[in-house]
Amino acid sequence: MDARLRRVNKEIADCKNDKTSQIKIDLFDSSPFHLKGSFPGPQGTPYEGGNFEVDIIIPESYPFQPVKMKFITKVYHPNVSSASGAICLDILKDAWSPVLTLKSTLISLQSLLCSPEPNDPQDAEVAKHYMTSKASFEETARYWTQIYAGAPDPNRGKTGAGGRDEVAIAGLERAHVDKFEDMGFARSKVIDALRRLNYRGSNVAQISDERVVEELLK
Amino acid sequence: MNFLEADVPDITDFPPQEQAPGLRTLDGSFRCDICGELYDAPVTIICGHCFCSACIRTALRTKQECPRCRKRTDEAHIRPNPALENVITSWKAARPYVLQLIKSEEEARASRSRRQVEETDTPIPKKRKRTTDRASSPEITDMGSSFAGPSRKPVSTKSIVPKSPTKQKKAKANEVIDMTSPDSDANDVAELPTPRAPKGLAPKDDELVQCPLCQKKVKYGVLNSHMDNGCKDPNSVDNAVKSWSKMFDGAGGKKKKAKQRKKDSDSDDEYPLPISNYTTLKDKQLKEMLIEQEIPVTGDRALWELRHQRWVTIFNANLDRSGPNRKTKGELRKELKKWEEDMTKKKKPPIQDLKEYQRKHKGEFAKLVEAARPKKVTKSSSPADSQSEPISAPPQSSSQSPNASDGKVVDSEEEPR
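As given, the protein sequences belong to chains P and L, one line each in that order.
So in the UniProt record's numbering, spot 83 of the first sequence is number 83, and the numbers just go up one at a time.
So in the UniProt record's numbering, spot 22 of the second sequence is number 22, and the numbers just go up one at a time.
Bound conformation, chain L alone (with noise of 0.2 Å):
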């Protein structure tokens, strides 16, 4: 019952549209519709419509039409959507410091409220209502029943009080803030969800930084896929040898071994894998993909195709992220990794002592038992009334069931009389 209270952000967590226009709207067009999460690598298909490119691959696997529209398409027609990317970003760092403006805006509000009330003993003003019409609300009252997940309140103080560490993260930076001075304030969140740099340390693209591995100078925008090489990467006078080579293209043996190399370092991260028909493979081929994808060959292989697939589809949404968003193998692998701890665990353990198994739920099996029992009278003692039960004669009906469990009554109609 605890993933009710799990403190899941979505549009809810903004006030509704009389209180706040627009802003929950807003929230909700930043989601995918297929995950309802705010869109991680968004694209576009051929009829406009956008998705994460992960979740749009996964349900085109499926049946290759739009979710939304049901217009025919498939992967070739993905495009990926770099501005609504950017505004995510923006998006992402700004959503936390709109829910704190409203918060601290709505206590204001309310002690505003409190001292005119403790000034003047007439309980007039509107504001005051609409706060205790919010304390009275459907959501609070129903609490008792396991429901009302304590995020779900329209601008409660819950709904933004951090629970998870990143909220925690976001909103000590909001704790700092003074209010009085806004452009420091926009600044210092902004900063916050820039992805694997330490605060306020994101280098330029083109800044030298050290490979951590190898220790040598390496442009930061490329460090990643230096990284993913293996540190073979060459150093920029290389880059810059294979560029021209690439312009006087085919004028030498040596510039065309040059080319090849340079094919080979980013080919890999530059284009899509291909999706795979696996039932024409056979479980050699199938193990080659994946150890040339440097992805486990554990397990059978159902799960080989699993994990094949899945690593297919997340590695081709990291392609559609733009550049600084981009993901490293490692950290894909990572997900992978991820991915399929989540999806054994849904399965149920194996019984490990048999013995032991059924004396923990002897109760529940005696409770199935007793639950069976009477239906089985009825079936054997008539089985042409129990037929035609469904119908005629409901199994609550108080007139038909004497008639029902009396086999002598009611005739088997297999008998000729």
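With the rest of the complex left out, here is chain P (with noise of 0.2 Å):
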């Protein structure tokens, strides 16, 4: 056995040996190399209650290379790609050290999620949102984790179950979105322009109704 192997083996286990940090790792398949992480999303943040996945590859030259990670699961988050999932933290780039291990990465990602670096952005549009209405966007990250991450749904009695609400997930206010709809346009069309504009918080005041048409028309 190798010594990456052997590496990988120990620090599996010692994920299972470690019932305080809840964090798992299972296999996707026979790989050893390809392996899924888990994590609870950090309390007091928008994520908690939510079940965080990850996609690790581990390199060849792992130790001495980063793993790669990405989340499976879809985040809302500055420096997480809401699409792709890639993630941008230092410690799996250019500040990567050997002594890291699978579980202390794993950590860190958890505490990227306590705390988003807006100025290092991943996804731009997420750190967009993220600077100009914080409420907003805490809101729209709450949505996603119950959405995508599982996380119970305090209002689950009111709005009754089914529909996910496609103007919450943008992070917009229904009555724009309703406002823009009655003019004709179609609600996903809306829905993805004012989202480019950063239709939110305080910019709402400072876009005219003109510019959102001009780019509706566009």
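By construction, these hints were calculated from the structure, which means they are not laboratory data.
Just so it is clear, the structure is predicted and the values come from calculations on it, not from any experiment.
Where hints are given, some of them may not hold.
What the hints assert, rightly or not - Subject to a maximum C-alpha distance of 25 Å in a straight line, what follows is the list of computed SDA-like cross-link-like pairs (lysine to any residue):
no., chain 1, residue 1, chain 2, residue 2
1, P, K10, L, T89
2, P, K36, L, S29
3, P, K10, L, F365
4, P, K128, P, C88
5, P, K103, L, K63
6, L, K367, P, S30
7, P, K10, L, Q100
8, L, K63, P, S61
9, P, K93, L, N277
10, P, K10, L, S29
11, L, K334, P, S30
What the hints assert, rightly or not - Not everything, but these chain L residues come out facing chain P in the computed CB check (under 7 Å):
no., residue
12, P9
13, D10
14, I34
15, C35
16, A59
17, P67
18, E340
19, T344
We put the CB at the ideal spot given by N, CA and C, even for glycine.
Please assemble the complex out of the two chains, which come individually in their own frames, going by the hints.
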């Protein structure tokens, strides 16, 4: 057994033995170098209650090269691509050190969820949302956590089960979307345009209706 | 999946802190942070952190800082740590013995509590509770999943029952041990790990032994370097002459020549190899370097570079071992060969018969095609929508998907109204 395999074996055992960290590592298939990590969303954040899964690929020169990680669970976070799950985190790139382990890296991801870094974004649009209106951003992030990461929904009784709310997913106000929809534009198109314009929070006052219509007609 | 069940010795072989205070952390502190094994040729760097020589040398090649504290450092700061090396040697010997002791104590306790239960019907004893706890601990109940490697149960029988041949050897020694005479035990076990020496027969360094190649009597301590030099080592009288001539340096041409000879004979073994910058080397120069080190020149240039780099690493790391632990060049070459085999094994073998391969993996291809199809339809019908999908509409979204697949409801953005 080569050194890399021995180390991976130990790291998985280490995670299994640690009951306090709540970090889990599972196999995808029979390959020891393609793993699935998961951890609970940190408490006191919009990600609380969710379970976040991470795709882990261990490169050939591990531990001298960083592991490749990306989110499988969709996450609404400035440093995580909302489309691909790609993660912007220094220790996964040039700040990697061979003493870091799968467990410590997953814990770092967990703490990345606690403290977003919007000035070095992976997803510019989400970062823009975060900068303009943190409250609205958190609402969307919470919504995504419920839908994708399986967090319990506190208002489940009120809204009734089923339909996912695209407006809430995009972090927009229902009234704004309704206003432009009433002008005769398709709903999905309105959401798309408003999202692109970052029609949120204090920005709403600065963006004229003409500008929105222009965007819609593009 | 069998890799998870493989018996890799690690700190979890010992019971947790509450049951055996300090043992896990003790075993952990003898392990390199990079490879997780017991230190092999331990070295300290400028900040005081300790690693296996080969590990830190490989790490420093990528980034010149301490992997632990990120303090800037380089290979010149590497210093061997012979004290720790001795500790590791002793711990390697003591480890199976300690595990054996824990196991027998555990068994004794279990049987004692069983007897107690048989005698009295009140199942009060605390010790018994502990054993039942272990039996129902999650590691075992989880065994249905591929995870719970059998060796991971703290102080389970399996973690100590030998699997690998080396462990078997150690355990055999322990079997004959009578637990009532601890002195003889300690001696017996301590002898086991003496590297490359038959049990109990390791001669002292200055004892004369017969060289297996040239049949000459050679001091055991220099036997390895003697064989490395093709049995050309001068005899002890020559050595004395040399050391004297070294003292009276520059006294005459003949002596100078002797000095030169001395340098030739062991300079290779004593000094670390320099780290090369391969990009500035011509193929021919690189090849000469390989030949000079007597390592193979098969394969392409990329392989030569990797091979030479690895050779420099293990060669220099070997110098950080103290005398008796040091390996011969022959052993290092074998190590290099094994490393190369491991490396090439990892790469997928090239497909030999294309048709055969296609037929064999037909099911997988079909699955992939199936998985790719719906996505393709969505894309071609409304590219704008699928583009916006990641944020506004998740693929699983039930309310959105009918729209997405229905081209006429969603207008594409490029068309002006």
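Task: Violated hints - listed by number, lowest first - done: 2, 3, 11, 12, 18, 19
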